[in-house]
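S.K.: Please model the entire structure based on the sequences and the hints provided.
In order, the protein sequence lines correspond to chains E and W.
According to our numbering, the first sequence holds residues 1 to 151 in order.
According to our numbering, the second sequence holds residues 1 to 639 in order.
Hints in this document: simulated from the structure, not taken from any laboratory.
As the structure is a computational prediction, the values presented were derived from the model and not from experiment.
Just so you know, not all the hints are guaranteed correct.
Below, in silico cross-link-like pairs of lysine-lysine (DSBU-like), each with a Cα-Cα straight-line distance of 35 Å or less [as the list claims (entries may be wrong)]:
no., chain 1, residue 1, chain 2, residue 2
1, W, LYS43, E, LYS76
2, E, LYS63, W, LYS499
3, W, LYS521, E, LYS63
4, E, LYS76, W, LYS137
5, W, LYS499, E, LYS146
6, E, LYS76, E, LYS111
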Amino acid sequence: MKPARQDIEIILEQYPRHPQHLINLLQDVQAEYSYISAEHLTLICDHVGVPVTQAWSVATFYKSFSLEPRGEHEIKVCLGTTCHLKGGQRLVEACERNLGVARGQTTDDLKFTLDTVKCVGACALAPVVMVDEDYLGEANMVILKKRLEQV
Amino acid sequence: MQRLTNTAELKVLRDNLLQAQDPHRPIVRVCRGPGCLAVGADKVSQAFQSAIQSQNLEVKVQPLVKDTGCHGFCSQGPLVNLAPANLCYVRVKPEDVEEIVQTTLVKGAVVERLLYSDNGTRYKSAADIPFYRMQQKIILQNIGVIDPLDIHDAIMAGAYHSLAKALIEMSPDDVIRTVEISGLRGRGGGGFPTGYKWKRTVENARENPGPVYIIANGEEGDPGAFMDRAIMEGDPHAVIEGMAIGAYAMGVNQGFLYVRHEYPIAIRHLAAAIAQARALGLLGKNILGAGFDFDLQINRGAGAYVCGEETAIIASLEGRVGEPVTRPPYPSQQGLWGRPTVINNVETWANVPHIIDHGAQWYADLGAPRSTGTKIFSLVGKVKNTGLVEVPMGISLGALVEEIGGGVPGQGRFKAVQTGGPSGGIIPYELKEEFTDYHFHPPDVKPADKMELSVDFDSMAQTGSIMGGGGMIVMDDHDCVVDLARYFLRFLEEESCGKCLPCRLGLKGMLEFLNNFSQGKGAPADIDALESLGKALVDGSLCGLGRTAPNPVLTSIRYFRDEYLAHIVDHHCPAGVCRDLITYRIDPEICNGCTLCAQTCPQVCITGANQQLHTIDQDACIRCGACMDVCPVDAVVVD
Ligand SMILES: Cc1cc2nc3c(=O)[nH]c(=O)nc-3n(C[C@H](O)[C@H](O)[C@H](O)COP(=O)(O)O)c2cc1C
Ligand code: SF4
Ligand code: FES
Ligand code: FES
Chain E
1 MKPARQDIEI
11 ILEQYPRHPQ
21 HLINLLQDVQ
31 AEYSYISAEH
41 LTLICDHVGV
51 PVTQAWSVAT
61 FYKSFSLEPR
71 GEHEIKVCLG
81 TTCHLKGGQR
91 LVEACERNLG
101 VARGQTTDDL
111 KFTLDTVKCV
121 GACALAPVVM
131 VDEDYLGEAN
141 MVILKKRLEQ
151 V
Chain W
1 MQRLTNTAEL
11 KVLRDNLLQA
21 QDPHRPIVRV
31 CRGPGCLAVG
41 ADKVSQAFQS
51 AIQSQNLEVK
61 VQPLVKDTGC
71 HGFCSQGPLV
81 NLAPANLCYV
91 RVKPEDVEEI
101 VQTTLVKGAV
111 VERLLYSDNG
121 TRYKSAADIP
131 FYRMQQKIIL
141 QNIGVIDPLD
151 IHDAIMAGAY
161 HSLAKALIEM
171 SPDDVIRTVE
181 ISGLRGRGGG
191 GFPTGYKWKR
201 TVENARENPG
211 PVYIIANGEE
221 GDPGAFMDRA
231 IMEGDPHAVI
241 EGMAIGAYAM
251 GVNQGFLYVR
261 HEYPIAIRHL
271 AAAIAQARAL
281 GLLGKNILGA
291 GFDFDLQINR
301 GAGAYVCGEE
311 TAIIASLEGR
321 VGEPVTRPPY
331 PSQQGLWGRP
341 TVINNVETWA
351 NVPHIIDHGA
361 QWYADLGAPR
371 STGTKIFSLV
381 GKVKNTGLVE
391 VPMGISLGAL
401 VEEIGGGVPG
411 QGRFKAVQTG
421 GPSGGIIPYE
431 LKEEFTDYHF
441 HPPDVKPADK
451 MELSVDFDSM
461 AQTGSIMGGG
471 GMIVMDDHDC
481 VVDLARYFLR
491 FLEEESCGKC
501 LPCRLGLKGM
511 LEFLNNFSQG
521 KGAPADIDAL
531 ESLGKALVDG
541 SLCGLGRTAP
551 NPVLTSIRYF
561 RDEYLAHIVD
571 HHCPAGVCRD
581 LITYRIDPEI
591 CNGCTLCAQT
601 CPQVCITGAN
611 QQLHTIDQDA
621 CIRCGACMDV
631 CPVDAVVVD
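M.R.: This is the structure we're talking about:
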């Protein structure tokens, strides 16, 4: 079980009311709720004092923000340089076939979101896949499937 | 923790801590760097903790288990180091822990099978392993040794000692002069002289009084590099101390750590280190009673390569979209909130305490004449020993790859190295005569017989690549340069912020050429067209992303034109990578008929009965490679 979600107010109160905290707040809300809802975006804007349009352009510019709900578990296949050379591309495609979604998408049951990242700093064990906060080194579809059965 | 009110108290604290230590106490250092975590270091660490807590060990002193940052030798992880013998156990599994505890910690003997062995030699001491032996660890010296979550451990290793020295023995100008004379150049890729940048910033602030800011660039966007991550995770105090010294030199009260959000552990360790440093009075108001105030804040990057560029970082810190702006004005003139700002890379900051501690001349004598000091590389790809290495600049590329890296594993042949990530280039193993307009390594460094390119800022730039942040990716003959150039272009096209036309459209155009080449399409004249398009980007783009983006393409054409021609003229990918130009085939000599490939094939185009030879229907095959990945006996081959 995941712990209950922190109240949006509590997250907001951790930061002074200044535009410099916009991105930090977006990240905390993203981490807590797995996406940034329109309602939360407005609350953040009111807190740090930036126009909604600016926050919207920031939230869409950076890859780590999602404006739509994401799956319960996140699978991130590394496509950094080393992982690319060691077959990361084939691995994402295999994931796409197995989960029935394209990269960036979430399965219908909201269980998994498939994504790619560019290097998670474990290049020595390429190709690497992250399942939520866990790293899988020297990954292949067999290892990954086993791991996904455990979540 | 008691706040330290002067520098003498810091020394007393350190002396007391060191004295309280039992030099015979065994210390188990479990690597929890990213590489080892990826192969289960967490469980190893837990196994040690519980084995030691739960048993009444028959030992004089209870061993200490420490979770540390990366030990460097990531390909052998999970790594465990046991002091005082400096025993290095490799590929340790949780099941091995009991034996290590009983044999090594209780009886003082060695578990032979867990030692690193190579070519029949077993290495007991980490110091003897060739991978470590040839390195010169200065920035890495505490990483993997100290517990990054315990400031006392860092202080025992000498942390904040240089800050104290700067505060009592040196004027701010002395510090800047020292950094200038040391020859330190920025480790973020460009190699800009750090002391000069600091000097200019102070001058600008004098003309236009007001606050000055400093920023540590921990974005590390090069997709194949993890040096900065290792520093932030393994020795966060080194960055904090370097910044505090810089802040003192430039009269700064507020600094920022801009860290990539994909590095949650680095963020956690930095946050803990900042909190502990504050509690000890090493950050905050009136640091060490010297009347100097400085504090630090962490800001997370949000997943954009271009946000490693300095003006984009500033935009991002101001809560704006991370788009670069035209320079000048440079950040040293008008940076964060319009004020003079210094941005240095994490590794650059981590060098500063050592320079203050040992002096400018000591540092200037390290490395190569115009590239002083050491550099950390993440040595990865098709090389036997992968991991983090720190070497004096001016070492030959051959020594780095062949001797420290142990060369290319298996049947592969060493073909090239890629340095500098998407902004860098592909440097061939055999640099032919016509390319040797760079200088060779200094005479006092032992020459390797091949690949004698000196690894320093200027020599690397002369090859058309750059030193870059420190990613060094070794390629063998199964890696295709056309494919790699295309990979970087795709990366950059996605990451280009789209603000300026040459970058936005140029990258698209270049990518189109490469997409064609990888399908065997195009004409030889297209290679020249691609080259001139690349050169237009170099001249016409606004920020470093666009200006350096063509480097991988231009270098690969410069050194590997034949490989381009093979794709275009012969419709053949010599490395066997480009999907439209290869076929998969099952070798009848090797196939044992296990049926795995047939079960995996998404096209259901592999046929064969159990224990019989399997064959691929070439017309239906989409060349996904799934059969090759799954085959337990490597029977699937690429033609
Ligand atoms: C597209 C682009 C990406 C960059 N990414 C990084 C990075 O990830 N880390 C870094 O330290 N510098 C990066 N830089 C260089 C910074 O702009 C800046 O020059 C550097 O942080 C200065 O620090 P230094 O002088 O200590 O190297 C990047 C530059 C460009 C143009
Ligand atoms: S997986 Fe390999 S060994 Fe097994 S049937 Fe396929 S090709 Fe033959
Ligand atoms: S390239 Fe995948 S972890 Fe670095
Ligand atoms: S992560 Fe353990 S050695 Fe690098």
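S.K.: Now tell me, hint by hint, if it's right for this structure.
M.R.: Tested hints:
A threshold of 35 Å between alpha carbons decides the hint, and for LYS43/W with LYS76/E the separation of about 22 Å falls inside it, so the pair holds. Straight-line distance between C-alpha atoms of LYS63/E and LYS499/W comes to about 17 Å, which keeps the hinted pair within the 35 Å bound. Distance restraint check for LYS521/W and LYS63/E: the Cα-Cα separation of roughly 33 Å lies within the 35 Å cut-off, and the hinted pair is therefore satisfied. Taking the CA atoms of LYS76/E and LYS137/W, the gap is near 33 Å; set against the 35 Å cutoff, the hint holds.
With a C-alpha separation of about 44 Å, the suggested pair LYS499/W and LYS146/E falls outside the 35 Å cut-off, and the hint is violated. Pair hint LYS76/E plus LYS111/E holds up; C-alpha atoms about 14 Å apart against a cutoff of 35 Å.
Hint check: a violation occurs at hint 5 only; the rest are consistent with the structure.
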